[in-house]
Amino acid sequence: MITRRLASSRWWIGLVILLLVGFPFVSDSRGALILMTQIFIYAVFAMSYDILLGYTGIISFGHAMFFGIGAYTTAIFLHRWDHSLLSFLVSLLAVLVLTGIVSYLIGVMTLRLKSHFYAMLTLAIAGLFLVLAEKWRDVTKGSDGFTFYIPDLLKDRTSLYFVALAFMILMFFLLKRFTDSPTGKVLQAIRENEQRTESLGYQILHYKIIASMVAGLAAGLSGSMYAITLRFVNTAVFGTNVTLDALLMTIIGGVGTLFGSILGSALILLVHAGLTDLAKIHWIFERWMIFFGAIYILAVMFFPQGIVGMFRQWRAKWSKG
Amino acid sequence: SQQPAAQPSQPGSGQGAPSSQGESKQPIKIGVLASLTGALEDYGKQTTRGFELGIAYATGGTNEVAGRPIEVIIEDTETKSDVAVKKATKLIEDDQVDFLVGSSSSGDTLAVVPLAEEHKKIMVVEPAAADSITADNWNKYVFRTARNSSQDAIAGALAIAKQGTKIATLAPDYAFGRDGVAAFKEVAEKQGAQIVLEEYADQKTTDFTPNLQKIIQAKPEYLFVIWSGANTPWSQIADMKLQEQGIKVSTGTADFATLKTMRTMVGMEGFTLYYYDLPKNEVNDWLIEEHKKRHNGEAPDLFVPGGMTAAMAIVEAVKKSNGDTNADNLIPLMEGMSFDSPKGKMTFRPEDHQALQVMYAIRLEQKDGMEWPVPVLMGELSPEDTAPPVRNKR
Amino acid sequence: MMTLLKVDRIETYIDQYHILQGVSFEVKKGGVTVLLGRNGAGKTTTLRSLMGLNPIATGAITFKGEAIHHLPTYEIARKGIGYVPEDQGVFPDLTIEENLKLAMRKTDEATLERRDWILQLFPDLKTFWKKPSGLLSGGQKQMLAIARACVNDNELLLIDEPSKGLAPIMVDKVMSVIIEMKQRVTVVLVEQNFYMASTIGDDYYIIDDGRTVHTGMMKELKENEALKKEYLGIA
Amino acid sequence: MQPILQTEGLTIAFGGHKPVQDVSLNVMPHTFTSIIGPNGAGKTTLFNLLSGQLKPTEGKVWLKGKDITHLSVAKRTRLGLGRSFQITNVFPSLTVLENVRLAVQAQEGVYYSLFASPKKHAHFEKRAIELLETVLLGAKADSLAKNLAHGEKRKLEIAMLLALETEVLLLDEPTAGMSLEEVPSILEVIRRIKEQGNRTILLIEHKMDMVLSFSDRLLVLFNGRLLAEDTPENIMKSELVQTAYLGGLYDDAS
Amino acid sequence: MEVLLNLTINGIATGSLIFLLAAGLTLIFGLMHVLNFAHGALFAWGAYFGVWIYTQTGSFVIGIVGAIVIGALLGWLLERWIIQPVYTNTMSQIQVTMGLLLVMNECIKVFFGPNQVSVQLPSYLDESWLIGGVILIKYRLFVIAIGILVFLGLQYMLKRTRLGLIVRAGVMNKEMVQALGVNIKKVFLYVFILGCGMAALGGMLFAPYSGVIHAEIGMDYGILAFIVVVIGGMGSMVGSALAALLVGVLGAFMTFYVPSVALAVNMLLMFGVLMFRPAGLLGRG
Ligand SMILES: Nc1ncnc2c1ncn2[C@@H]1O[C@H](COP(=O)(O)OP(=O)(O)OP(=O)(O)O)[C@@H](O)[C@H]1O
Ligand SMILES: Nc1ncnc2c1ncn2[C@@H]1O[C@H](COP(=O)(O)OP(=O)(O)OP(=O)(O)O)[C@@H](O)[C@H]1O
Ligand SMILES: [Mg+2]
Ligand SMILES: [Mg+2]
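Protein chains in written order, with the working numbering: chain A, 16 to 336; chain B, 514 to 907; chain C, 1498 to 1732; chain D, -2 to 251; chain E, 4 to 288.
Calculated from the structure, these hints are not laboratory results. Glycine is no exception: its CB is placed at the ideal position from the N, C-alpha and C atoms. Be aware that a few hints might be false.
DEER-style ranges, computed between Cβ atoms [what the hints assert, rightly or not]:
| hint | chain 1 | residue 1 | chain 2 | residue 2 | range |
| --- | --- | --- | --- | --- | --- |
| 1 | A | F177 | D | S110 | 52 to 60 angstroms |
| 2 | C | E1720 | D | K116 | 55 to 63 angstroms |
| 3 | A | Q210 | D | S110 | 16 to 24 angstroms |
| 4 | E | M160 | B | Q758 | 53 to 61 angstroms |
| 5 | A | K332 | C | A1557 | 29 to 37 angstroms |
| 6 | E | L155 | C | D1705 | 53 to 61 angstroms |
| 7 | A | R127 | E | Y260 | 51 to 59 angstroms |
| 8 | A | L285 | D | S110 | 31 to 39 angstroms |
| 9 | B | R904 | D | S110 | 30 to 38 angstroms |
| 10 | E | Y260 | B | Q758 | 50 to 58 angstroms |
| 11 | A | R327 | E | T60 | 49 to 57 angstroms |
| 12 | C | T1712 | D | N195 | 45 to 53 angstroms |
| 13 | E | L155 | A | L285 | 48 to 56 angstroms |
| 14 | B | K880 | E | L80 | 38 to 46 angstroms |
In silico lysine-lysine, PhoX-like type, Cα no more than 20 angstroms apart, as pairs [what the hints assert, rightly or not]:
| hint | chain 1 | residue 1 | chain 2 | residue 2 |
| --- | --- | --- | --- | --- |
| 15 | C | K1679 | C | K1525 |
| 16 | B | K880 | A | K295 |
| 17 | C | K1627 | D | K15 |
| 18 | D | K15 | C | K1670 |
| 19 | C | K1576 | E | K177 |
| 20 | B | K880 | B | K773 |
Just so you have them, the derived chain E footprint on chain A, three or more residues with Cβ under 8 angstroms [claimed, not checked]:
| hint | segment |
| --- | --- |
| 21 | 129 to 140 |
| 22 | 302 to 311 |
Given these sequences and hints, build the entire structure.
As structure tokens, then:
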């Protein structure tokens, strides 16, 4: 039964990938292409958050710090050095090193704290990064930010689309593999009951640091990609909103599912885009934020377990009835 | 957006602009980026109102220039850079606009500027004020009708700085405030004034009194305030009795909403970029009248003339090119181009495409029947006097 | 003797699971009725259904002649039904004092008297009066849970495995408490300790797979080895 | 022979209160020791000190001759000290099977395997199912642990402990709340482990029949102090144990 | 000397204001553990509607009462329809209250327009005295007084009645509290209403303090309220009061003496406190 379920889900994933690969060939809208590119990048960011939230049971209000570090690192490399592909690849390496170090330190320092306190502490640290980005104006240009050139290969929206798609698929499978691995299972155990996990012989702090680092690294990479799509970076990448976006995408999609993060990212960005388009058509939607907010509320009422949770419920009913 | 399929864009190749004189029935498309939601939504609305009025005025109500109709597409950036980029790309690549105009925030504008370059589209910056748009981050497709922070600062300095004047500054602690103070300081010191204290406050602070305390301590003659944003220090400046302690306050006044918060500042001398009854010229008269007509009696607010100016500059440029919207052909025409605006003549200076423009030295006075203290003209600061230094590395 | 509580063919679902599939029993005023059955038989669910914590789908529960199965839990409690859950249900961050204070619906003379009486039976509670109850030993928590159910002027107590985790001497104490309270309080007891069940129980019901499958007088069960073997697997 | 588990002067104080005071004990390998004592005597606290959940204010703990006083819980488990909990302590939203599987994984020493294929470790699951059968919980393998009845959780607790296959087993009231008819089979499991002869077991229990039938030695804790340590027969003769722990009414039931 | 006095008095006043903003959250987040992101939006509603009533009636006091009533009313609606189903689910709380925050902020713009609104004090509160170098601002003294009153009132309610106990117990084990005969739903409802009323009161008092209100104050100061509750230790009213004072006074002194880190002062404070006291100043465990 388990194998059948696996097989069927693989079938689905294959189909989705095929559709996404085909998308640029059928759609001639550049706007749609960019929207999809952003969905892919946010999906990775949300998935990285899911490693913390869904798998390890850690709420962080400061996840944007990794996103921001990624975005700034890549931006600075391309701006200061040159905008070759090599420079970009080296910047990715730098992102991995930097986010690795930061996430490690944060893990060591803060993961001993209990839920809400940990969340607020990460909020504080991300806030400090924001201030740092603001104050270190020689490098960051403060809140105005700066623009930069990107490698020619990535300039074309279609190729960027494919790069982002490949990035998302790669990260999805990597993270999936990670969460299915023995280590990933231990993370879920930690989420359920830290103390008991420890008494089985697992050193929970190590695992939390691993989770923090995996999430941090993935978030950093997504930040890099984000900067590439914008060709611009400013302090907004460290904002609390960025974290909250990831949080909401993860929750709406369904925590602890990875795939949910992709759906969440798609849903939120698509609804957002749809509503702002409607705003031009009918005055009622000028205040589209109200509808946007209402969707969050309604979503909780209709699928409290997220989109993936809803599908699972349907499937359960289906297979029973 | 009835435009047929977008051809795959060819970055680097020069065929971005689809039109030439030949196809004169093709509409000229202008994409306006503005914050229509979020914290800056009122700015965005002012700009778009002004822009529509500007097109009407400049085309004499025909909505046509050089035989081509004008189509304006407005997009909301939500004051988020990524949204701005998405919308700008849609405007450029899907709608195939010929010009970009925008936007309400400097961040959004900076994020869009590289796209203008990549796709070889003229971008008329309005009303974003960050210096770097026409400095470090400048490219040749950028033209700015808005004043920049330096122009603000110079106007502020000219209004108060004299030989030996002791001045303290108060500004929000981020790029906008720091740049503004730096520019102000340069000019003020050139005028012989002495900056005794640069005080920066968290833009979201609830409590300005420690900053004001420090300013009182420094005993300046003037406190020059650069402030933007929803939170304002005015009531606390009054509470702390700065005026009674011999410190005169000066600042640039902004839109009606912030004027309303300055009731305690009556008597203050400072400057402004625009207040509707300051400029005396035909364009402005028309603007006031038409604006009131269209928008139930309201006078045009701070950024309405800017929007109008942007429209007028574009129309002027297209007239000059005879309907050619190819950016590379337009740039030489626009460099050094003078054009009318509600604030009189403006000129894109060739070096960095910044429009030089009049600013106004004013005093706030209480007038009967007004909800806010009114800026009263003390003198015009000429475009030359307020010309900012050229800082783009061309 | 009059019937205080009547449970009539109740069925309870938890999520989609049909946990209770017809439990019926009667409790006479002043008696101790014991529910027996293997792990997972549905004893706890029965008590929870009585308290309205797992609402029943069909059937009826009448207390003093009045149907109570549609009432919210707090109203059932206010009718004079006390509950000692199987996991004790102490509020770990609250001290013993606070736990008891919270339980006392009134602070009249009689309530205070009952409190003092129970405290003197469980002196440990007094010793650790200001200690967060989460730090108590397993047995101490059990004492607190029992004490909490006894401070109010309840007519019926539902007690889920009170002897669990108690030292033999404390089991005796709890039994004597129950025996002493018998004058004014009726008890429904879920108990795995057959010694305790058989010592203080009057009637028993055996629950299996969500159904009451057998009933009788405790005295008979105690003597009847065959019955014991059949229903309880003990000799 | 060297004791496998040893403590000296073990004391823990919370403020002024000392639930465990100056406890020194030696547990020989492959023996079965039971700890009895009134509620609140400090039995569970003693276990917490042995397994590392609490750190002593004074005293030391040795495992197999190694000083483990300052080691974490996890490290002690890896050294071969496993325990079950008095208060049921499982992974509520994981399935029963997954609960045990995690313990098997720990026993196999697969701690950090970040990107290993799940297939590589399929045998964990098989072992977990075996263990569930052993504790009569096979039918509930796919239920979420939180949905188990109380007694079922106790069994799960035991299965997890068994999965660890540690040399030393600390059992804290394993059968509390288990039904009459099922206790024997769990006892049977414990008996089998004992008879294999390669484990050292410490048991906290209030069920005297069980204690008496298994134990090689009995320890009596009173008010945090180790009051007596002797064979079961001798302990049962003690006046104090009779009056202060067993109480007069107690006669061997069930 | 005057400087120290000025900084201290103003710091205490700001702290007192911050306490008023955070007091409601101490109940809702600290005690009831509801991660209510929409709390800030209640400041905005309290401020806007309170000011509106104040300008309509000309009475500041009626404005304050009006704000509290609006807050309480909103609290009732929110609790009944939106919060109640998600008491036990942190994730859903985040989602639902983020949605609420957007909706409520945007509604302010529908009712009152997108621009900031300036607020003027009634003449009897609008005064400041310059005595030596010391500046006393009447409204700030008023805020300190209200802060003390609110603190005492809440503290009395939590300590002298069973309410505090019931709420804390209810969060730990809702079923058991009910089994003890407490209508916990009702208690939660009332506490939530109280918390929302307090938030609206905080917003209303904030309005003349800064002299201007805008729709985003919910976003801007909501986080501050969370910081205060967490630094103080979840659910401790005394802790919140202490933390708020600390934020206010430290903010004033840092702005004056160490302006280079003033932007980061709240974050540094939270960081420092949590590193040394992982459960906040007065938090347990
Ligand atoms: N929330 C739930 N979801 C699904 N099944 C449940 C849930 N709660 C209980 N059950 C199942 O209902 C059955 C009855 O449980 P209950 O707790 O009433 O048993 P019990 O007789 O009290 O057992 P014990 O003696 O072990 O305490 C058990 O099989 C249990 O697995
Ligand atoms: N963390 C702690 N802080 C303070 N006191 C504690 C702590 N842990 C245990 N105690 C106290 O230590 C005493 C002994 O508790 P312990 O749990 O060891 O008893 P026990 O012998 O296991 O009893 P039982 O048979 O009831 O389980 C109790 O009075 C308890 O309140
Ligand atoms: Mg049970
Ligand atoms: Mg114990």
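Hint check:
1. Range check, A/F177 to D/S110: Cβ separation about 32 angstroms, and the 52 to 60 angstroms hint is violated.
2. Distance hint check: the CB atoms of C/E1720 and D/K116 are about 59 angstroms apart, consistent with the given range 55 to 63 angstroms.
3. Range check, A/Q210 to D/S110: Cβ separation about 23 angstroms, and the 16 to 24 angstroms hint holds.
4. A C-beta distance of roughly 44 angstroms is found between E/M160 and B/Q758, which places it outside the suggested range of 53 to 61 angstroms.
5. Judged by the Cβ atoms, the range 29 to 37 angstroms given for A/K332 and C/A1557 holds: they are separated by roughly 30 angstroms.
6. Distance hint check for E/L155 and C/D1705: the Cβ-Cβ separation is about 59 angstroms, which falls inside the suggested range of 53 to 61 angstroms.
7. The hint said 51 to 59 angstroms for the Cβ distance between A/R127 and E/Y260, and at roughly 32 angstroms that hint is violated.
8. Range check, A/L285 to D/S110: Cβ separation about 37 angstroms, and the 31 to 39 angstroms hint holds.
9. B/R904 and D/S110 have their C-beta atoms about 56 angstroms apart, which leaves the hinted 30 to 38 angstroms range violated.
10. Separated by about 21 angstroms at the C-beta atoms, E/Y260 and B/Q758 break the suggested range of 50 to 58 angstroms.
11. At roughly 55 angstroms, the beta-carbon separation of A/R327 and E/T60 lies within the given 49 to 57 angstroms, and the hint holds.
12. Taking the beta carbon of each, C/T1712 and D/N195 are about 47 angstroms apart, inside 45 to 53 angstroms as hinted.
13. At about 51 angstroms, the beta-carbon gap between E/L155 and A/L285 stays in the expected band of 48 to 56 angstroms.
14. For the pair B/K880 and E/L80, the beta carbons lie near 43 angstroms from each other, so the given range of 38 to 46 angstroms is met.
15. Of the pairs offered as hints, the one joining C/K1679 and C/K1525 holds, with about 11 angstroms between alpha carbons and a cut-off of 20 angstroms not exceeded.
16. Restraint check for B/K880 and A/K295: the C-alpha separation of about 39 angstroms exceeds 20 angstroms, so the hint is violated.
17. Distance hint between C/K1627 and D/K15 is fulfilled; the C-alpha atoms sit about 16 angstroms from each other, no more than 20 angstroms.
18. At roughly 25 angstroms between alpha-carbon atoms, D/K15 and C/K1670 are farther apart than 20 angstroms, so this suggested pair is violated.
19. As the CA atoms of C/K1576 and E/K177 are separated by approximately 19 angstroms, the hinted pair is consistent with the 20 angstroms bound.
20. At most 20 angstroms may separate the alpha-carbon atoms for a hinted pair to count; B/K880 and B/K773 meet this at roughly 13 angstroms.
21. A count of 8 residues in the segment 129 to 140 of chain A with a Cβ less than 8 angstroms from any Cβ of chain E is obtained; the coverage claim is therefore met, three being the minimum.
22. Only residues whose beta carbon comes within less than 8 angstroms of a beta carbon in chain E count, and the segment 302 to 311 of chain A has 8; three or more means the coverage holds.
When each numbered hint is compared with the structure, violations occur for hints 1, 4, 7, 9, 10, 16, 18.
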